[in-house]
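Visitor: If you read the sequences in order, they're chains A and B. Residue 171 in this note's numbering sits at position 171 of the first sequence; the count goes up by one each step and never skips. Residues are numbered in this note's numbering as their position in the second sequence, beginning at 1, plus a constant of 1000.
Be aware that one or more of the hints could be misleading.
[What the hints assert, rightly or not] Below, simulated EDC-like cross-link-like pairs (lysine to aspartate or glutamate); rule was C-alpha separation at most 16 Å, straight line:
no., chain 1, residue 1, chain 2, residue 2
1, A, K73, B, D1046
2, B, K1080, B, D1062
3, A, K2, A, D183
4, A, K132, B, D1075
Hints were generated in silico from the structure; no laboratory data involved.
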Amino acid sequence: MKKRVVVTGMGVVAPNGIGIPAFLNAIQNGISGIRFIPHYRELNFSCQVAGMPAFEWESLKNYISEVTFHGLKGTNIGYGLAAALDAWADSGMPYDTDQPRWETGCVFGNSIADTEAMKNVIAKVDNKEARKLGSRVVEQAMNSGVTSYISGRLGLGNKVITNSAACATGTQAILMGYEAIKDGYAQRMLVGSAEHVDTYVYGSFDSMRVLSRKFNDEPEKASRPLSSTAGGFVPGSGAGALILEELDFALERGARVYAEILGGNTNSGGQRQGGTMTAANSAGVIRCVTESMNMAGITGDEIDLISGHLTATNADKQEIQNWCQALGRKGGDFPLTNSLKSMIGHALSAAGSIETVASILQIEHGFVHPNINLDDPNPEILNLVSLDKLPVEMLKKEVNIVAKANFGFGDVNSCLILSKYNN
Amino acid sequence: MTRTEILNELKKVISPYTVNKDQLANIDEQTDLIKDLKINSANLVDIIIDAEAKYDIEIDYDSADKMVNVGTCIDVISEKMNEKA
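Extracted from the complex, chain A is given alone in its bound form (with noise of 0.2 Å):
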C-alpha cells in the first residue's frame, strides 16, 4: 500500500540565508545573495558575479568531530553536512547513536568533488609526490563523499544512496528519497544536495556562454529570470535538506510535519524531438509534470504556485510554455510562478533541494517570495501568462499545492507535487 510521505525537518545553507530563520527572512523580504567577485575579474571571465553562501569554515565543528574537521577540504561536502544536520537537528532528533539507524537512509545529490581542493592532489602527483596525499584525499573525491559523510556522522543504515542529475539533482534527490518510504523501504529519509561552483567548474561555464555577464558592477541585478534582459544564469552555491518521513511514523514521534509530498516523477526527453546535451525536449518536461500530477493525484487546476526552473536564459519562455500546456492553464489563469534564482542565482545540483525548501516555507508560512530583478518582463512570456502571475512583491497569501521542477544537462527532469498538510 501507498504510504503516506511528510516532511519534518529542513536545513539550508544559501547564498542569501544560512539556516531557516535567515533564509526564510531573505526571501520574504527579496534579498539577493549574488556579489561581485574580485578573482573572477582577475581571470578574465566574462561574469563576475555569483551567489556564494557567507559560511564559515570553522562553524562545521559543530557538526562533526574535530578528527574529522581536520583534513576536511571539500566545500560542496561541508555544505552537505551543515543543511543535512541542521535538517536532521530541526526535525527533533540527537545525532548520536551507538548503533545504526536501519529504518533511516539518504539521498543526497552532488555533481563534481571538489575541484580547488583537488588541484593540490594533482600537484602533488605531478610532483612524484603521491605518497603525501594521506588518507583524507579518496573520501573526498568520489562523488558518494558528501553522502557518506552525512550518513556517516548519523549512522543512517537504510538505503544510502548518492544521485547526480545535472540540475535536476536535487529535486530527483527528494523524489528517490520519497519513493523509498512509499514503497516501505524506509520509515524516514535525509534528503537533498550540495553544490559548490569552484573557479574551475564556474569557468566552464563561462566559456559556454551561459552566464550573465552585463551586470558585472550591479551584482544583486544579475539574476533575471524572465525579464527581456535575462541574458544567461548566475551560479550559486550552497546545499539544501529535508527529513521526510512516513506519516504514521512521524504523528508517533511526535515530530512537527511541515508539509506532504503528493507525488512527483523523473524523466528524460531523450535528447529526441529538440532535445539536446543542453536543451529540454519540451514533450519530456511535460511529460514529467504531468506523471507528477497523476501520480499526487491532483489537476492542474489545484495547482497554487509554481515554483519554476527559471534560470534567465532565452529557456524560460519555453519552460512557462511548457507549463501551460501540463497544466491546461494560460493567461490570467496560469498559477502564481517565481524563481528563487532571481535571488540566489542557479545552484546547478544544490537547486533543486535549495527551492524546495523554498516552496515548504512559503506552505508553511503562507506567502509567495517575489521574482527580484523582473524590471523588464519578456513580452514573450507576458503573451503566454498575465503579469500578475508573476509577483515582485512577496504575496501574503494561503498556498496548499506547489508544483517544483527542475530541468538538466543531459536533457534529465525532475518535478515534484508539495501539499500543505491535512490529516
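Given chain A, work out where chain B should sit, using these hints.
Guide: Quick look at chain B alone, frame taken from chain A:
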C-alpha cells in the same frame, strides 16, 4: 633527541587524529594507537606523513608497518633520524 623528547613531540603529531585528548596526555610507550587512542586505522598513514614532514625523514612501508604503538613509533623515528645524521 631522547625517547622522552620524541614522545612529547609525537603527542602533537597524533593530536589531530584522536578525540581522546585525556588519554593522549598520558600516553607511554605501551599505548596502542588504534586500541587505546581509538585512531581510525586509515589515519595511521596521515600520522606517518606528518611525522616525515616534522622530522624531515622518510619512513618506508616496512618500517611504517611496525608503528602500532607509541614505543615502536619512537623506535622507527629515532632509527630514521640516526640514519640521516
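Visitor: It remains to establish, for every hint, whether it holds in the given structure.
Guide: A quick look at each hint next to the structure:
Straight-line distance between C-alpha atoms of A:K73 and B:D1046 comes to about 15 Å, which keeps the hinted pair within the 16 Å bound. With a C-alpha separation of about 12 Å, the suggested pair B:K1080 and B:D1062 falls inside the 16 Å cut-off, and the hint holds. Of the supplied pair hints, the one linking A:K2 and A:D183 holds, its CA atoms being roughly 6 Å apart against a limit of 16 Å. Taking the CA atoms of A:K132 and B:D1075, the gap is about 21 Å. The hint is violated against a cut of 16 Å.
Consistency note: the structure conflicts with earlier hint 4 alone.
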